[in-house]
Structure formats: C-alpha cells, structure tokens
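Chains as they are written, first to last, in our numbering: chain W, 1 to 313; chain C, 1 to 277; chain L, 1 to 384.
No wet-lab data here; the hints were simulated from the structure.
Backbone N, C-alpha and C fix where the C-beta goes; we use that ideal spot for every residue, glycine too.
It is possible that part of the hints are untrue.
[As the list claims (entries may be wrong)] Using C-beta positions, here's what the derived DEER-type ranges look like:
#1 L/T204 to C/P197: 38 to 46 Å
#2 C/N65 to L/T95: 25 to 33 Å
#3 W/Q206 to L/T108: 30 to 38 Å
#4 C/G105 to L/V311: 25 to 33 Å
#5 C/V261 to W/R118: 55 to 63 Å
#6 L/T108 to C/P197: 50 to 58 Å
#7 W/T5 to L/D237: 22 to 30 Å
#8 W/V163 to C/L108: 58 to 66 Å
#9 W/F221 to C/N65: 55 to 63 Å
#10 C/G105 to W/L99: 35 to 43 Å
#11 C/P193 to L/T362: 21 to 29 Å
#12 C/G105 to L/G280: 30 to 38 Å
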Amino acid sequence: MSQETAQHIRQKYGLEETTLMDRVRENWIGYLFIVPTFVMFTILFYYPIVRGVFLTFTNTRLGEAGSFVGLENYSWLLTNDLFHFAFGWTLAFVFGTTLLQLVIGLVAALLLSELRSRWRDWTSAIIMSPYFSAPLAGGVIWMWFLNSDFGMLPMIISDFLGVQAPSFLADGIWPYVSLIVAQSWHDYGYAGIIYAAAIVGIPREQYEAAALAGAGRLRRFRDVTLPHLVTPTIIILALRTAWNVAEFAQPFELTGGGPGTRTMLMSILTYETAYVNLQFSRAYTLGMAMILVSMTAAIFYVTVIKDEEELYV
Amino acid sequence: MINETRRSRYLLYAALGVFALFALTPYFWVVRTSLLTNFAAINPETGYLPALDALTLTAYTDIWNQFDFVTFFQNSVIVSVSATLISLVFSIPGAYAFARLDFPGRKLLFYTAVFTIMFPWIVITIPVYEVFYVFGLINTLPGIIIALSIFVLPQTIWLLQGFFRQGIPENIEEAALIDGHTEIGAFLRIVLPLSAPAVGAAALFSFLTAWNNFLWVFVLTSDEDVRTATVAIHFILGSDVLREWNILMAAVVLLVAPPVVFYGLSQRYVGEGLGGA
Amino acid sequence: MARVEFDNITKVFEDTSGPIIAVEELSLDIPDGEFVVFVGPSGCGKSTTLRMLAGLESITDGELRLNGEPVNNVSPRDRDIAMVFQSYALYPHKTVRGNMGYGLSLSTDLNDEEVDRRVVEAAEMMGIEDLLDKKPGSLSGGQQQRVATGRAIVREPAVFLFDEPLSNLDAQLRKHMRTELSRIHSELGITTIYVTHDQEEAMTMADRIVILNDGQLQQVGSPKEVYYRPANTFVADFIGSPSMNFFDVDLEVASDGTGTLVGNGFTYSVSDSLVDLVGGEGEYILSVRPENLNVDPSAPDERSFEATVDVVEVIGSDNFIYLDVAGKECRLRAPSEVEPEEGDVITVSFDEADLHLFDRNTEEALIHGHERAESSPKMIESEA
Chain W
1 MSQETAQHIR QKYGLEETTL MDRVRENWIG YLFIVPTFVM FTILFYYPIV RGVFLTFTNT
61 RLGEAGSFVG LENYSWLLTN DLFHFAFGWT LAFVFGTTLL QLVIGLVAAL LLSELRSRWR
121 DWTSAIIMSP YFSAPLAGGV IWMWFLNSDF GMLPMIISDF LGVQAPSFLA DGIWPYVSLI
181 VAQSWHDYGY AGIIYAAAIV GIPREQYEAA ALAGAGRLRR FRDVTLPHLV TPTIIILALR
241 TAWNVAEFAQ PFELTGGGPG TRTMLMSILT YETAYVNLQF SRAYTLGMAM ILVSMTAAIF
301 YVTVIKDEEE LYV
Chain C
1 MINETRRSRY LLYAALGVFA LFALTPYFWV VRTSLLTNFA AINPETGYLP ALDALTLTAY
61 TDIWNQFDFV TFFQNSVIVS VSATLISLVF SIPGAYAFAR LDFPGRKLLF YTAVFTIMFP
121 WIVITIPVYE VFYVFGLINT LPGIIIALSI FVLPQTIWLL QGFFRQGIPE NIEEAALIDG
181 HTEIGAFLRI VLPLSAPAVG AAALFSFLTA WNNFLWVFVL TSDEDVRTAT VAIHFILGSD
241 VLREWNILMA AVVLLVAPPV VFYGLSQRYV GEGLGGA
Chain L
1 MARVEFDNIT KVFEDTSGPI IAVEELSLDI PDGEFVVFVG PSGCGKSTTL RMLAGLESIT
61 DGELRLNGEP VNNVSPRDRD IAMVFQSYAL YPHKTVRGNM GYGLSLSTDL NDEEVDRRVV
121 EAAEMMGIED LLDKKPGSLS GGQQQRVATG RAIVREPAVF LFDEPLSNLD AQLRKHMRTE
181 LSRIHSELGI TTIYVTHDQE EAMTMADRIV ILNDGQLQQV GSPKEVYYRP ANTFVADFIG
241 SPSMNFFDVD LEVASDGTGT LVGNGFTYSV SDSLVDLVGG EGEYILSVRP ENLNVDPSAP
301 DERSFEATVD VVEVIGSDNF IYLDVAGKEC RLRAPSEVEP EEGDVITVSF DEADLHLFDR
361 NTEEALIHGH ERAESSPKMI ESEA
C-alpha cells in the first residue's frame, strides 16, 4: 500500500488522531497481562544490560562508584593475553560441545525412535537423564569419576590396560578433552529430546510411501527423516551455542579454569574478575565478548526461524 | 519400523545399551561411593561392584549430622518453591498475552524474551549484584528468590505460551465473552482451568531449574545459612578439611535424584515442553 | 427479537504494512426475524462484519444499532446475542449440559432447574438429549456442531450469529444441517445472521443474501434477486454453479435499427427493445448462465453459435458440458440425455430473456434480458 493511500485512509477515518492512550485503551487487556512480566524483565534484564554497558566505560569496582575512563577497559581487554586465550578456548569449547551434543543427541533420538513406544519413554528417561541433573553436580560427578586416585576411569585404565592413566584434569590435552566430554555428557539430552520430538512427528505414511518406492533404510533416512531435522538442528545449534558459551557451573566445578589458568573459559574469567578481583567494569567488558557470541546465535535463530510458533527452547 | 530383522533389533538394543552405559556410568561411581564407608570408598581393594555386605547407608544418615545439610536442603526447597510460585504468577498472564492477544509491541517483547533465554547470565549477575547491593538483598533468601524467579521466567513463559497457542481451542475466549464473561473472567474461568496440566508441567520445570541453579546463589550469597544444597556441595568440596567422600557423594545423590526422577516421570511433558510441539 | 442496523460501518485494521480496510462503509437494515446470509470469498470482510456485530471486533467508523440502540461500545455479553463458531469453541472441560447451560447461568438469574429445563428443551430440539452428560472431546464433528448450535438456542437471544458453522462437516451432513438450521429459524423466528463462503448454502437458507467482496457491499437481495438480477459481474460470477459464462461483446446497430452482439467467435441478434434499453452501440460484457444455454441444432444462425465440446461431466440429473468458443471456456448445463462426444462441434443457443449485459468498464449490470421480455416465464417466477 502506498504511503499516500495509507495517509488518506487514516485521515478519512480519523485514525491519525489515535493517541497512545487510545491504543492502550483498545488493547488494555493485553498490556495488563504483559505488564508484570515487562516490569520483571526491566528490573532484572533490560536495566542491568544497559547499566552493564555503561559500566564498561568506567572503572567501577564492587562497592565503590567509579569514574568515566572511556575505552580503557576495551583496550585492556584487547591487550590481555588471558582474554585472548580464554576467548579462543571458549570458542573451541563451544564448538566441540555443541557439535558433540548435536551428534550424540541425534543418534540417541534415532535409536529411541526405533523402539516400541511402550519401552521408549523409560529408555529415553534413562538415556536423557544427565541433562536433568544439576550442572554443578555434573561437575562433581565427573571430577569424582575422573579422579586420579579414586576415580573409576583411571582405575579401569590401569586395571585393564595395565598402564597408568594420565591425570585427566591436569595433564596435557586431557583437561580440555575432559571438559568437552563432560559437558557433552550433561547436555546431549537436550538435543536428544528436541530431535526425538521431531522424529515422532514425522508422518508414518511418508516412510511407507518411500518404502513402496523401493527406498532402503539409508535412503529413507536421507529422503524422509533428514528434511524434517533441519529446523530442529538450527534450533539446537543456536540455543546450545548460546548456552555453552554461558555455561559456568559444571566447568567451574570440574577444573575451575585450572590447573592455573590453563582451561580458563570466558564465563569463569568473567566470574573471577567480577567476584574475586571485584573489578565489575572489567568483568562486564569481558562479558561483552560473551554477549557478542550468544547474541549472534540468537539473531541467527530468530532470523532463520521467522515464524514465532516454531521457536523452541 | 519397516522391514526389520532380528539381527537389527539386537544391534539396536546393543547401541542403546552403550548409550545407557555412557549416561549412567558416571552416576554409578557416585552412587557406589555414597553406599560405602569412607574408608571403603577410597580403598582400591573394594572393587567396581562392592560386595553386598560392604554396602551401608551410614553416609546418608551422617549427612544430617555433619555440616548443615538440613538448612541447605531446606533453603533449596524454600527458594525453589517461592521462585516457582512467583514465576508462575508472572508468566501465566504474560504467556497468555504472547500467545493469544494481539497488541502493538507484542512481537518486540516476544523477541526480547527469546534473547533473555539465550543471554549469558553470568554477565547479567554483575549489574544485578549492584542493584541487590543497593537494596540490601545480598546474602538474603528473598534476594535469591527474586533472582531465581527472573531466571526461570523466560523458560516458563515459553512453555506456557506454546500450550496456550496450541492446547486451547480457537475462539474459546470469544465464546466465553458471548456467554457473559468479561475478558478477565474468560481467562480465569475458562482458559486457566483448561491449562492446569500445562501449568503443572511449567511449575515442575521452574522448580527443578531453580533447584539445580548454582550461579545465582553462589554469586549472591556468602553466608552459610542462606546456602542452597548445590552451593553447599561446592563449598564442602573446596574446603580443606579431610574429605568424607561417601557423605559428599550421598549429598550429590540427594541433590541429583529429585530432578532426574521427576523429569523421568514426566517424560511426555518434557518432550512437549522443550520441543514446543 | 431484534432489528439490526449497520450504518456506514467501516473497519480498518492497522497492519505493519499500513492500514487495511476490511469493511468499507457498509449500510444494511435487517428487520426482526429475518435470516440473512453474508457470502463472499475469503477475506471479503464477512466474518469481520459478523464479529463487529458480536462485539468481538471494534468498529472503526459508523454506527451499529440493535433495536435502534447504538451498541458500538457495548460489550459482547450485554448485546443479547449468541454465536456459533466454525471451530464450535465448546468448553472441553464441561459436559454438553454444562456447555449449553453456561451462558444462561452467567447472564441470567434463572435458577438451576430452570436452566436445566431449557437446556433439555434445546437438546431435544437438536436431537442431542442423549449426549448431555458427555464431554465434547468424545463427540463426532456433527454432534459437536449440534451442541454448539444448541448452546446458542438455549440463550433465546435477540440475534443468532453463525460463522461458517458447517464448513467442518462432510457434504452430506452439511446438507442435512442446512435444513435443520432453517427449520429452527422458522420455529424460533429469531433474527439470524449467517456467514458462509458457500453460495449454495446462502441460496438455500437465506431470506436475503448479502454479497461482499473486498470489504465492499456488492448486492443485497433475495436468493432469486441475486440469481436473476446480479448487480455486477462479481455477483453474477459468484452466485450459481457452475458459474456464469462471460463474453466481451460489442453491440453493433445496423442502419435499419437491428442490433447484433458481436463477440469473439459468435454473433447474436437482439431485439429492438433491448437495444433501446441498453442505449445503443457500445462495449459490453454478455453473460448467460450455463443452465440457460441449450444445445439446439435447429436454432437460427443469428441466435446461436458453434462450440467445440471439451469435456462432458455426467452428474446424473444433468450433464455439465465444457465448451471451447474461440479459445474461451464456456460451461453448459444440459439434460442428461444430451451427451455429445468430446471434440464434437455443436450449436448452442439461448433465449434473449436469459442474457445479462454488463458495462465493460464498471462491470455494473445494465440489463437483464427478462426485464424486457414480459412474457418470459422466468420473469414471473422471479417475482413470485
């Protein structure tokens, strides 16, 4: 509709005179219902974000109001070696965990879909169970499982392979592997559940039609199952990327960024800067890097899945 | 499915068995430790599957004498229940507005809700800490409750709006308006009773999310008497006192069991809730 | 009992892309007790109009009156209306009895026994007295439809509103419910406004049909009026099945005053009086209903044309013959014994009394053949 006709219509029916109050009056019930949530979000989400961005231009520490320092925090950030390392390692961690969670979840969902539904619920309850444990507990569980002195895995390795197991949380590449594997263990259930819901939703007739057309197992998977998994994959990729960036409790408990700072993730670094060193403004500046990654995932998600009814969490 | 054979069945069972092993083995070690005496737990002679007579529940009874686990679990319950109730009070009307009402600005708000779900919460804690500091909410249960209510809110809104969109018949509020209800009456008397199962599922979700939460409680508290079980376990693990692994692992079992069992029992809801479908 | 007046009613929706006019300056006066059907393609504004009347949609401009009282700002519950939705919108958690009685107990101060008496009465009227203690989820689509209608009847409202109530039923049930709803209307005599996209439903049930397109009123009239005297090509095309044939024609008037309609692939001589009525030479749209075309080998050349048979559809009572007239499709409804072969060239004629002429620019009707042909039996019928 052209601008002119729009103008004309509004003029004709007196629509351009509608004030904000008129709109509120007409939709009062919607606003009434949303206001409490909006207020909640404002106090603990919108305001803090804005306040946080403001903080990054000051040298505020906990308990003392700072002064304006311009871009100092950002230049500190960009020249900080630990940040460089943590940012790179966070990307690697996120990439590794997201990918593993996606693959393991998909395989689990596919296997479960082959089960008769009577058994499916229970089997999936067991297989998906790590996802529901407290992330902190996940850290404790793996710390104990991998413990060099009393852990199960080192014990198995020395008992059955006859070699001394490496220290999984300290030696060489092992802490990185351990963090990624433990995180994948905890969260593949999310991908599994989303995929399972998508697979259950595929109409059976499509498989039967494909089978009648002579498609074998693999071909049916490629031609029938896969197309239905595109949307769930986007959802899982976006959400898990954001959540793996934000993940704190489990890695914090498992290695706490150590030994030393060798496995320092952005989330742990942000925590330590804020609550150990009490440098709030620098911590939020670090956080901006995390926000950058998460929000890229969020924007990707919202633009790809335009129809809001398809949005999942 | 189609043209399956006995052999492919067995392959399937074997593959599922590997998955179950992967999922459960780390748990197994924790449970095993929690059922032993502290000495047996770290004694290499005990073996992978301890003998039956070595098993004991002393760790579980000792929990309550050592440390303040009564307080910690009590705090966990108080905090989770309160956060659940508060988030429901806010999210039910909010989710309903998102799903079934149309008003200018709805879409924008809806998308910001998506962003809240994906936001790195550790970053938000910093300015929130400031706010709480000003209002004297640090180290208080109300402070934790407020923070956790907000934390679970987006997820609860999500779950409920999906239900309101698909689980409530079309035009039902309009039929109620014509039958003689006001807008609010239609919501309270018709929509809400129909939503009972979804509200129940949302409540369960909120409770368990709050129960599992570590970050907020950890950041917002330092006093022992407002600690929840999650944070308490972290501190006990980090303390230098001689570790009683069996008691610690028993605490982990008590922490992990409720969510895992509840989610297991409500499998169907979990799929629907997380899957949106 | 109520008279419903739409006085210059307009509805504008504000969309992200700008304002959209859903209903434009609709004026209509519906006397008490009339059965009015709003019909039109989807998006024509018929449902919006109904929803404005129900109070579910605000009115942008104009005045809506019930029994002379303006009700623009009256809430749905105070309008004394009952509505049947396409989706039925039954309360899933209440029994049939609860569904039907709910409105009564909310909006009146009748005691429970009185409510129940009226529920049972309405249930008997709808033939669902056996279902009263069931929940809607366990009912078939047809039964749910009856419950929804019953729920409206119980209220004994001033106006009944139906929003495509039968579209979710299968064809046979739909026909059955049509007669049933007509019966209920004649028993209760309550003003009824019924929205449908199905012209057949409109024709069979309505006292008057309101045809809408693009938010604008096209024509209001009895079924016969809109059938025999469509106000424009839209109405002509929309009403009747198979739909009307249209040909672009030029009227040529010879020096002796005789008129001929010349189209692509045919010519047709018309009487002098028709030429007079139309007002001389010009560009028109000629249209004839499929049922008014005859296969007639003996027809005079100047009043017939040749056409090639494309497809013959046998429907039992009649045959639908799809013809090709110089590349344009033309539909003909013939008695079942007329069954040409595909590819046959046949001679088609029609009575001058059955033609309609429309202005080619405005697409408004200029003349309906029978208005001139006094002796036409159809004319008499249409006046009856």
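Hint check:
1. Judged by the Cβ atoms, the range 38 to 46 Å given for L/T204 and C/P197 holds: they are separated by roughly 43 Å.
2. Hint check: C/N65 to L/T95, Cβ distance near 56 Å, so the stated range 25 to 33 Å is violated.
3. For the pair W/Q206 and L/T108, the supplied restraint of 30 to 38 Å is violated, since their beta-carbon distance comes to about 52 Å.
4. The supplied range of 25 to 33 Å is broken by C/G105 and L/V311, whose beta-carbon atoms lie about 54 Å from each other.
5. About 20 Å separates the C-beta atoms of C/V261 and W/R118, a value inconsistent with the hinted range of 55 to 63 Å.
6. Range check, L/T108 to C/P197: about 32 Å between beta-carbon atoms, so the 50 to 58 Å window is missed.
7. At about 27 Å, the beta-carbon gap between W/T5 and L/D237 stays in the expected band of 22 to 30 Å.
8. Look at W/V163 against C/L108: about 59 Å separates their beta carbons, and that is inside 58 to 66 Å.
9. Distance hint check for W/F221 and C/N65: the Cβ-Cβ separation is about 56 Å, which falls inside the suggested range of 55 to 63 Å.
10. At roughly 38 Å, the beta carbons of C/G105 and W/L99 sit within the given window of 35 to 43 Å.
11. The hint said 21 to 29 Å for the Cβ distance between C/P193 and L/T362, and at roughly 55 Å that hint is violated.
12. Remark: the range hint 30 to 38 Å for C/G105 to L/G280 is contradicted by a beta-carbon distance near 60 Å.
Of the numbered hints stated above, those contradicted by the structure are hints 2, 3, 4, 5, 6, 11, 12, listed in ascending order.
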